[in-house]
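Q: Protein chains in written order, with the working numbering: chain A, 1 to 493; chain B, 494 to 986; chain C, 987 to 1432; chain D, 1433 to 1878.
Any given hint could be a false lead.
Straight-line distance between alpha carbons at most 20 Å, and here's what the computed EDC-like set of lysine to aspartate or glutamate pairs gives [stated by the list, open to error]:
hint, chain 1, residue 1, chain 2, residue 2
1, B, K526, B, E504
2, C, K1137, C, D1178
3, C, K1046, B, D777
4, A, K26, D, E1864
5, D, K1460, A, D152
6, D, K1491, D, E1864
7, D, K1492, C, E1430
8, A, K117, A, D252
9, C, K1386, C, D1422
10, D, K1828, D, D1868
11, B, K853, C, D1052
12, A, K479, D, D1472
13, B, K714, B, E796
14, A, K117, D, E1713
15, B, K715, C, D1015
16, B, K804, B, D832
17, A, K26, D, E1784
18, A, K33, D, E1784
19, C, K1350, B, D520
20, A, K155, D, E1750
21, D, K1796, D, D1866
22, D, K1583, D, D1498
23, B, K530, C, E1112
24, B, K780, B, E799
25, B, K690, B, D745
26, C, K1046, B, D645
27, D, K1828, A, E303
28, B, K804, C, D1160
29, B, K714, C, D1015
30, A, K287, A, D152
31, A, K360, A, D430
32, B, K714, B, D683
33, A, K37, A, D12
34, D, K1796, D, E1750
35, D, K1492, A, D110
36, B, K853, C, E1112
37, C, K1045, B, D520
38, B, K530, C, E1330
I should point out that these hints are in silico values taken from the structure, not numbers from a laboratory.
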Amino acid sequence: MEEALIFEIGEDGRTGVDLPDAPNVKDRLGGLKRQGKIGLPGLSEPQVIRHFVRLSQKNYSIDAGLYPLGSCTMKHNPRLNEKMARLPGLGDVHPLQPVSTVQGALEVIDQLAGWLKTLTGMPAVAMSPAAGAHGELCGLMAIRAALKARGDVRKRILAPESAHGTNPATAALCGYTVDPIPATADGRVDLDALQAKLGPDVAAIMLTNPNTCGLFERDIKKVADMVHAAGAFFYCDGANFNAIVGKVRPGDLGIDAMHINLHKTFSTPHGGGGPGSGPVVLSDSLKDFVPVPYVVHGKNGLELVENGDAKSFGRMKSFHGQMGMFIRALAYMMSHGADGLKRVAEDSVLSANYVLASLKDVMSPSFEGPCMHEALFDDRFLKDTGVTTLDFAKAMIDEGYHPMTVYFPLVVHGAMLIEPTESESKDSVDAFVTTLRGLAEKAKAGGENVAMFQAAPQLTPRRRLDETRAARAPVLRWKPGSNGAPIDKAAAE
Amino acid sequence: MEEALIFEIGEDGRTGVDLPDAPNVKDRLGGLKRQGKIGLPGLSEPQVIRHFVRLSQKNYSIDAGLYPLGSCTMKHNPRLNEKMARLPGLGDVHPLQPVSTVQGALEVIDQLAGWLKTLTGMPAVAMSPAAGAHGELCGLMAIRAALKARGDVRKRILAPESAHGTNPATAALCGYTVDPIPATADGRVDLDALQAKLGPDVAAIMLTNPNTCGLFERDIKKVADMVHAAGAFFYCDGANFNAIVGKVRPGDLGIDAMHINLHKTFSTPHGGGGPGSGPVVLSDSLKDFVPVPYVVHGKNGLELVENGDAKSFGRMKSFHGQMGMFIRALAYMMSHGADGLKRVAEDSVLSANYVLASLKDVMSPSFEGPCMHEALFDDRFLKDTGVTTLDFAKAMIDEGYHPMTVYFPLVVHGAMLIEPTESESKDSVDAFVTTLRGLAEKAKAGGENVAMFQAAPQLTPRRRLDETRAARAPVLRWKPGSNGAPIDKAAAE
Amino acid sequence: MRYLGLTEADRHEMLETIGVPGIDALFKDVPAGALNPRLDLPPHQGELEVERAFAAMAKKNVSPMDVPFFLGAGAYRHHIPAAVDHLIQRSEFLTSYTPYQPEISQGTLQYLFEFQTQVSMITGMEVANASMYDGATSAAEAVLMAQRITKRSKAVLSGGLHPHYRDTVATLMDQTDQPHVAAPVDLAGNEDLSTLIDDQTACVVVQNPSVFGQLRDLTSLARACQAKGALLVVAVTEITSLGLITPPGAMGADIVVAEGQSIGVPLSFGGPYVGLFATREKYVRQMPGRLCGETVDQDGRRGFVLTLSAREQHIRREKATSNICTNSGLCALAFTIHMSLLGEAGLTKLAEINHGKAVQLAEKLSQLKGVAIVPQAFYNEFAITLPQPAASVVEKLVEKKILGGVPASRLFPGDKSLENVLLVTVTETNTEGDMDKLVAALKEVL
Amino acid sequence: MRYLGLTEADRHEMLETIGVPGIDALFKDVPAGALNPRLDLPPHQGELEVERAFAAMAKKNVSPMDVPFFLGAGAYRHHIPAAVDHLIQRSEFLTSYTPYQPEISQGTLQYLFEFQTQVSMITGMEVANASMYDGATSAAEAVLMAQRITKRSKAVLSGGLHPHYRDTVATLMDQTDQPHVAAPVDLAGNEDLSTLIDDQTACVVVQNPSVFGQLRDLTSLARACQAKGALLVVAVTEITSLGLITPPGAMGADIVVAEGQSIGVPLSFGGPYVGLFATREKYVRQMPGRLCGETVDQDGRRGFVLTLSAREQHIRREKATSNICTNSGLCALAFTIHMSLLGEAGLTKLAEINHGKAVQLAEKLSQLKGVAIVPQAFYNEFAITLPQPAASVVEKLVEKKILGGVPASRLFPGDKSLENVLLVTVTETNTEGDMDKLVAALKEVL
C-alpha cells in the first residue's frame, strides 16, 4: 500500500486532539501574536494512527529479523526496559526539581555510573554525553583540559585508517589535526609506524578496540605504554565494547578515556537513529576534567553538581544526560548481572566466529580469525562476477534480511562487516549462513544471476533509490502543491 | 517470511524468563507431583518477541486499513482507552478485595451503567455478560424469570430469518423453540405474519434493530405493542446500536431488553475475536430479574450485591463482568460526550448511505435506501459472470482491503454487507468505493478477469485454504514429530 | 472530535451525493418523536480530562502493588513479563477481527493453534478449544457438553467447587429445568462423590485443588464415573498449579475446564479472563467454542483456519453446541505469549516457587495460636481456620494496609460453619517481608 | 538467561565448527592477565526483581503527577496523547537502525521528511534537519555553522539566553579558543545587542521568549545583523509558543534552534530530548546533522533517502560539518506524531490555553504583596521577583507538596541580583486548583 504524506492527507476541519476552550483573558503577547497560518494539516486520530502504522510496516526491525550490521550491535531490546523508563516518578520528573525531590533519579544515575566503572575498571565516568560521538567529544575535551592544566598545548591526534568517521570529525571539532596510522597486514595498528608518528605535539591516540576490522588489538598495552611515554593520552572508541563486556576491563589495558554506547552494548533501542547515550569512563589522570553536571554523595544524600570547580571543562548539553537511556541500560545490566554480561561478550564473539567459520570457504574473510563480535569479509569472492558488495547486500534484502555493514571499514575493498550479536539463536544464525552461502554461490555461478543481483531488491516497498538526484537538487520538505514525484492520492489512502 | 510453530522453534536449555530459586522446603503436594514432562518448548525472549511480531505481520487490522465488516462495527480503537485500562489501581485490583478498597472500581461500573441507561432510556442494566451472545442469554434468562414469576411458562421465541445465528442458539440454550418470522419485500418484519405467529406460548420476540439488512424497523413500536398485547417480551439485539447511539433511545421504542456490544459501539478492541462485553439494559418489567453481582448505592458508598434476592436469576460468570472493557468503553463515552456519540451515529449512517449511493449503479443493493450504518448488496450484479461473492471478496484482499461481511444475512443471495463506520475519512471511503467499482467492472467485463477473481488472493501470506480438509480430519494441535504439512525449519527461522 | 473522520465539508458533499437535504432524512424510518432525544450527559472531553477522571477513580482503590496481598479464590496475582503486554497491543493483534478471512489472519490463527496445543499439553488432554469467557462459563459449557454426549441430564457438583462456578452451572441448567446435585461443602477435602453418581448422571464436576486449596488424586473418582457412564469434568482455577502437579488428564478427566487468567492476564477486577476447555479427541464435535485447525493452502503450504464450524451458532443456529460467538482471543494471546516465555522449565520453576512460598507461609501461620491450616496437601492456596470471623479479621487487616485473603463467608454467605475460615494465597509476587507482615498483623489482630 | 539465544549444546557445536577447544581460545589476543577479571557486581535477576528495584527508586522522587507543578526553564510538562507513546513503541520504529538501507526504511525516512517539513513550517524557515540531541547542542552547532558561513569567529550571546545553552556554546568554542561575548544578564528584557556586533561577529544568539519569559520582536536585531554581515540565531526552548507567536523566521532569523521536547517527549529528568535546527535553503550544505530528501526509485515512484551526506562524518571524516552520528530519531518521531495529532488548529489552541493560563496565574501572583511579574510580554513562563531568596521559597513550597518553579539562582549561581527571582511556568496540565494552591502557599510562605 502506498502512503501519502500527512500534508497530503490532512484537511482543515479535522483534529487528532480535543482541547478545552482557552481562558478568556486579554493576551500579554506584546503584539507578537502570529499573523497568518502555519500550514499544518488537520488529521483525525484514526488517520494519524493508520498513517504511522502503515509507515512502520515499511521498516525492517530487529524484532522481525536478524539485523547483522557490523559495528552497530543490533541486539534484542527488552520490553522490560521500556516499561521501567515509563514508571511514574521516573519518566516524568523535571530536571530542575529540587534535588530532595529527585533522589531516586539521582540514584539511577549513580548506580549506572557504578556499573560502568566496575565493568571498565576505571575510576570515573562522565554521564552527560548524548551519544557515542558526543562521548568522543567529551573524552577529547577532557584530554585537552588536562593538557591545558599542565600547560602543554598539543595539536595532533593519531587515529588508524580504519577508524569510525566520528573519530576524525570529533578531533577536528576540538581543533586537532588528524594523522592516520597505518595498519599491519593482520589488521592491527602498526607499532613502528605509531612510534614514528608519536611526538611532543601528539595530544592523543584514538583507537577502537576491538577494532573496526573486528579484531582485538593484541598489542594494546604496548600502544598505551608508547603513548603515555610520549606524554599523550589514550582515547579508546568503545563502540565495540559488546565483544568484551564482563570479560576484559579497558582500565586494565592502559586506556585513559573511553565512551560507551549504551544503545549498543546495553541495548537501549536504536529507534531508527537515536536517541543514544555515550557516557565516558576516565582514568585517574583525567578524572577531574569532567563536564557538569555530575552526581556526588553529599551529606543530605545524593547531590547534583551543576557548576563545576576550575577543572571542569564546562557543559555539553541542556541537562544531566539521557536519563531515559540510563534507566533502560541499568535495567539491562541488572537483568544480566555480572554472569550474564560476560556471557553476552562470549556468545557474541562465538556467533561471529561461527559465521566466519561457516562462510570462509565461499566468501573471502579479510583476516585470519579469531575475530571478536563481528566478522569482516571483503569482495574478493565477487571478483569478475559483475556483482558488487552493494548488489550482494541488496540481494540479501529480497531474502528477508537486513544487509550487514558494507564498505566499512575502508581498509579492505568492498567490505562486509557482519555482527550477529548474542541475541540470535543458532537456528537463526544457521538460516542466515545458508542464505549467504546460497547467494555467494549464485554470484559465482554468474550468468542470469547477475541481473538478479543488480535488480535487487524487488520485493520491498521501494526498489533502489536515486541518491544522486536527491543530492543534486535537494527536496528536503513538502511544500503546498509541490508533489515532487507523482503520487496518486486516492490510491494512497 | 515463513514462521514455524513455537514447538518447532523451541529447544531445551533456553528460557524467556529468569526466576529465582524456589524456597527450599519439603513439598506438601500429597504425592501428586507431576511425573514426566509437559512438552512445552523453551524459547528466549528475543525468539518469543520475533515469533509474535512476525505472526502479527500476517494479520490485517483496522489500524492499517478500512475494515468494512458489516454488523461488526470495526471502528477506531483509541489508545487512551488502553492506557486507562492499565492504570495502577484499576487494571490490577482483585475482584474479591473488600469493597472499601475498590470504591473506584465500583464507581467505574456505576458510571458506565449510568451512561448506558441514559443512552438507551432504560431503567436498569445488567453488567456482567461477557459478550453479545452472553448478553442475549442474560436477556432471555431475565424474560424467563419474569414469566416464571407470574407463573406463565411459555415455550416459543419468534425471530426473523435474518437474525444473527446467536439469537436462535441462545433461545435454544434457554430451552425455547425458535419460530422464524418472514420479512417483507422491503426487508422488514412482516407484521401480518408476526400477528399470526403470536400466541400465549410465545415468550418473546428477538429482533435486531437496526436489522441485519441494515434497515431501521420502521414499525418497531407496532411490533412492541403487538408483542406486549400477546403477553410476550420484546428482546432487541443491540449489535447494530452504533447506527442510533445518541440519536434514538431503544427505551422509547417499547423494548424490554437489549444487549450492547461494548466491543462494537463503544470501541473496545476486537482483539482477533474477543474479549467482548455485553451489558443488557432492561425495562421496568424486567429490571428486578437480574444476575448477580451488581452494584448498588449503600450507606458506606458503593456496594456489591453478590447474592441476590429471590428475583435474581443467578450468576452468569466467574466475577463481576468485563472490567477491562468497562474502563475502555467509559473512556470512549467520556471522550465523545453526548454530542460526540450522536455524531457517531450520524456519521456512520452517512458513510454507509454514501457507499450505497456511490455503488448502486455498478453493484446491486438489496433494498432501497436509506440504510442505517451498513449497506447491503447481493450478488445479482455478478450474475452469469462466473464470479461469486466469495471470489469478489477475495479479490478485494489483493487490493489491500479486508472484505465486507459476505453471505450474511441469509435472506438475500450472496450477501455483501458493508459497514464503513464513522472513523473513516471521506478520502478513505472514496478510495474504497473506487476499488469496488473497479472490481465490479472487471467482474462484469469477464474474460480473463474471471480467473483473476478465482485465483485471488495472491499477494497474501497464504492463498485460499482448504477448509474441507481441515474439517474432515481435524488437526487441532501440534504433536511431536507431527508436521502435518511440510515446512522447512531452516527457511522458517 | 478527534476520533471522527469527516469534516463538515465532507458531510455536505456526501449528503449531496446521496441526494438528501440533511442527516435526519436518513433516519426517516425512526418513529416520530423518538429521534434526537435530549440526553442528560456531559459533552465531549479531551484526553487530559478523561485521564484525570480515571486517575481519581483509580486512587479510590487499594492497589495490590502497594500492600502485602494474599487474595486468590479464582483470580491470582502473578507477575506478567513486559513482553506480553507489549505484544498484545500490537495493532495487528489488538485491532483485528475474528479470523474469518484466513488469508489475512494467519497471525491470529497460528497463535490460536499454539494456544490449543499448550492448553492440551498442560491439562494432559488430547484437544483444546480456542478459549471461552472464563473458568465458570467453561464449567457450565462442560456440563452441557456432557449432557449432549451422555444424553443424560444430571450433573453432580463437588462441595469443593468454587461457588461462582457452581452457581454459573446451576443458573444455566435452571433454564431448562435440568437437575443438578450440589454436594455439601467439603472443607475437609474428604467427600466421596461416587455415591451420588447414578444412571441419570451426565457428569461430575470437581475442582482440583479445591476452593479450599485441597489437592486430591481424582483417579478413583474417574474410575467411578467411567463405571457408571458419566463424564468426569475437572475444574482448575489456578492454572500455574499444572506446572507442578499431576494434570487432570493423567487422572482420567474427560473434560478439563480452567481459568487461564494466571498466565498473562491481569487481575482487572475480575475480567476479562480466559476460559480454557480441553477434552478427548473423540468428543471434539460436541465441543463448544471456536477451534483452529491445520490445513494447506492452494499452493500446498501449511496454514490454519477456523474449523468444525458446523458446531457453531453462525452456521448451525439453534442446533449449535453453544451460543458463544465472541470469545477471549486477546487474553488467549496473552496466555500463549506468557506460556511461550515460560516454557517447560519456566512453568515448572514458577510453580515450585508458588508452592514453596505457600508452604513457608503455611508453616509461619500454623504457629499462630488458634490458627490451623485446613488442607493436607495444597498448591499455592489454602484455607485456614481462625478463632474469630474471617470477614472482620480481613477488615482489621485492611486498616493495617494488608489485603490478607478472602473470607470464606464472602463465597459461602450464611454458612456458619465457614464463618471463621480464611482463604490465603501466596504467589511469586509475595516477598518474605510481605509474609512476615501478615503474620505479625494477624498476631496483633487475633 | 532470558535474552540469550544459545543453549549449552549450541555453544559446544559452534565451538566445534570453529575448531577451538573453548570460548577463551577466541579471546587469545587479549593480553595475559586481562581476561576474565572478577567483577564485584550482582548476578542476573528476573523481571520481578528488577521492577522492584526501579519501583523503589521511583518512589524516592516526587512525581509531577502528584503535586501542583510549575517548572519550566527549558523543559516543559505537557500532556502527551496516548497514541504517541503507543506508536513509537512499535517494533518497526523502536528496533530499527538509522535508515541506511532506504528500500527497507521508508517508514523512518518518510516521517523524517515530515518532521523536517513540520519544523520548517513552525519556525517559519525554509529547511530543517532530521534532529539534533537537544536545544543546547543545536545552539552550539548553529554557532559553528555560522562561523563556517561567515568565515568569522566571534559569537555574541544574549543575556536572555538560557545559561545551559550559553555554557554549551562556550564549552564547544573554548576547544578552538574562539571568542564569544556573553552579554550581561538581561532580566528586564531591554538589552541592545546591536552594539556588540562587529566585523568579526559570526552570529548573535538570542532566545525568544528569553529565559526570563520576555517575548521580543527581533526584527530590528535581524536588520542589525544583516547590516554587519552576521547571522541571527534564534533559540526557542518552548516550542509550543510558536502556535501563538510570530515565528523567528518571520522576524528575520538565519538559523533557528529549538528544544522540541514540549511536543511528544516526556520530561524524563532532562533527556533524551530532541533538538530542532532550521535555516535558509542557501545554507543547507553547511548544516549539521542528518537530512532526509525526496527522490524516486528505479520504478519512478516517490521515495526518500538520507541525503547530502557529503556533509557528514561517515563520508567527510575530519572535514564534516559536525561529528554528530546518532541523533534523536525516536524523539523526532514522537514530535512528528504529536504534531500530526495537533495540526494547525490543535497547536494554536494548545498555545492559547498555555498563554491564557499563564496570564491568569500572573494576575493572581501580581496581587501578592512583594511579588512582581518581570516580563512585559510573555508566553507560558515568566520570572517573578519575591521579597526573599527564591531558592528557600521553593524549598518551603516543597514542604507544602508544591513544586513551585525554578529559582533563577539555580541557573545563575552567585548572581546576587537574581537571588529573589523565581521562574514560573504554566501549561495546559495545570488546573485552576493548582494555581490557587500555589498562590495560597506563597501567601503563607512570604
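Q: Work down the list of hints and note, for each, if the structure agrees.
A: Structure-based check of all given hints:
1. B:K526 / B:E504: violated, 24 Å
2. C:K1137 / C:D1178: violated, 24 Å
3. C:K1046 / B:D777: violated, 32 Å
4. A:K26 / D:E1864: With Cα atoms ~17 Å apart, A:K26 and D:E1864 stay inside 20 Å; holds.
5. D:K1460 / A:D152: violated, 38 Å
6. D:K1491 / D:E1864: violated, 27 Å
7. D:K1492 / C:E1430: Distance of about 30 Å is beyond 20 Å: violated.
8. A:K117 / A:D252: holds, 12 Å
9. C:K1386 / C:D1422: holds, 13 Å
10. D:K1828 / D:D1868: The hint holds at about 16 Å.
11. B:K853 / C:D1052: Measuring from Cα to Cα gives roughly 60 Å; hence the hint is violated.
12. A:K479 / D:D1472: violated, 58 Å
13. B:K714 / B:E796: At roughly 37 Å apart (the allowed maximum being 20 Å), B:E796 and B:K714 break the hint.
14. A:K117 / D:E1713: Distance of about 45 Å is beyond 20 Å: violated.
15. B:K715 / C:D1015: holds, 13 Å
16. B:K804 / B:D832: Measuring from Cα to Cα gives roughly 37 Å; hence the hint is violated.
17. A:K26 / D:E1784: Distance ~11 Å between A:K26 and D:E1784 Cα, so the pair holds.
18. A:K33 / D:E1784: Given pair A:K33, D:E1784 holds - Cα atoms ~10 Å apart, limit 20 Å.
19. C:K1350 / B:D520: holds, 15 Å
20. A:K155 / D:E1750: Since the Cα atoms of A:K155 and D:E1750 sit roughly 14 Å apart, the hinted pair holds (cutoff 20 Å).
21. D:K1796 / D:D1866: holds, 12 Å
22. D:K1583 / D:D1498: violated, 51 Å
23. B:K530 / C:E1112: holds, 15 Å
24. B:K780 / B:E799: The given pair, whose Cα atoms are some 17 Å apart, holds under the 20 Å limit.
25. B:K690 / B:D745: Given pair B:K690, B:D745 is violated - Cα atoms ~25 Å apart, limit 20 Å.
26. C:K1046 / B:D645: violated, 45 Å
27. D:K1828 / A:E303: holds, 19 Å
28. B:K804 / C:D1160: holds, 14 Å
29. B:K714 / C:D1015: Measuring from Cα to Cα gives roughly 11 Å; hence the hint holds.
30. A:K287 / A:D152: holds, 18 Å
31. A:K360 / A:D430: Status holds; Cα separation ~14 Å.
32. B:K714 / B:D683: holds, 14 Å
33. A:K37 / A:D12: Holds, at roughly 11 Å.
34. D:K1796 / D:E1750: Outside the cut-off at roughly 55 Å; violated.
35. D:K1492 / A:D110: At roughly 14 Å apart (the allowed maximum being 20 Å), A:D110 and D:K1492 satisfy the hint.
36. B:K853 / C:E1112: At roughly 51 Å apart (the allowed maximum being 20 Å), C:E1112 and B:K853 break the hint.
37. C:K1045 / B:D520: violated, 40 Å
38. B:K530 / C:E1330: With Cα atoms ~8 Å apart, B:K530 and C:E1330 stay inside 20 Å; holds.
In the structure shown, a violation is registered for the earlier hints numbered 1, 2, 3, 5, 6, 7, 11, 12, 13, 14, 16, 22, 25, 26, 34, 36 and 37, in ascending order.
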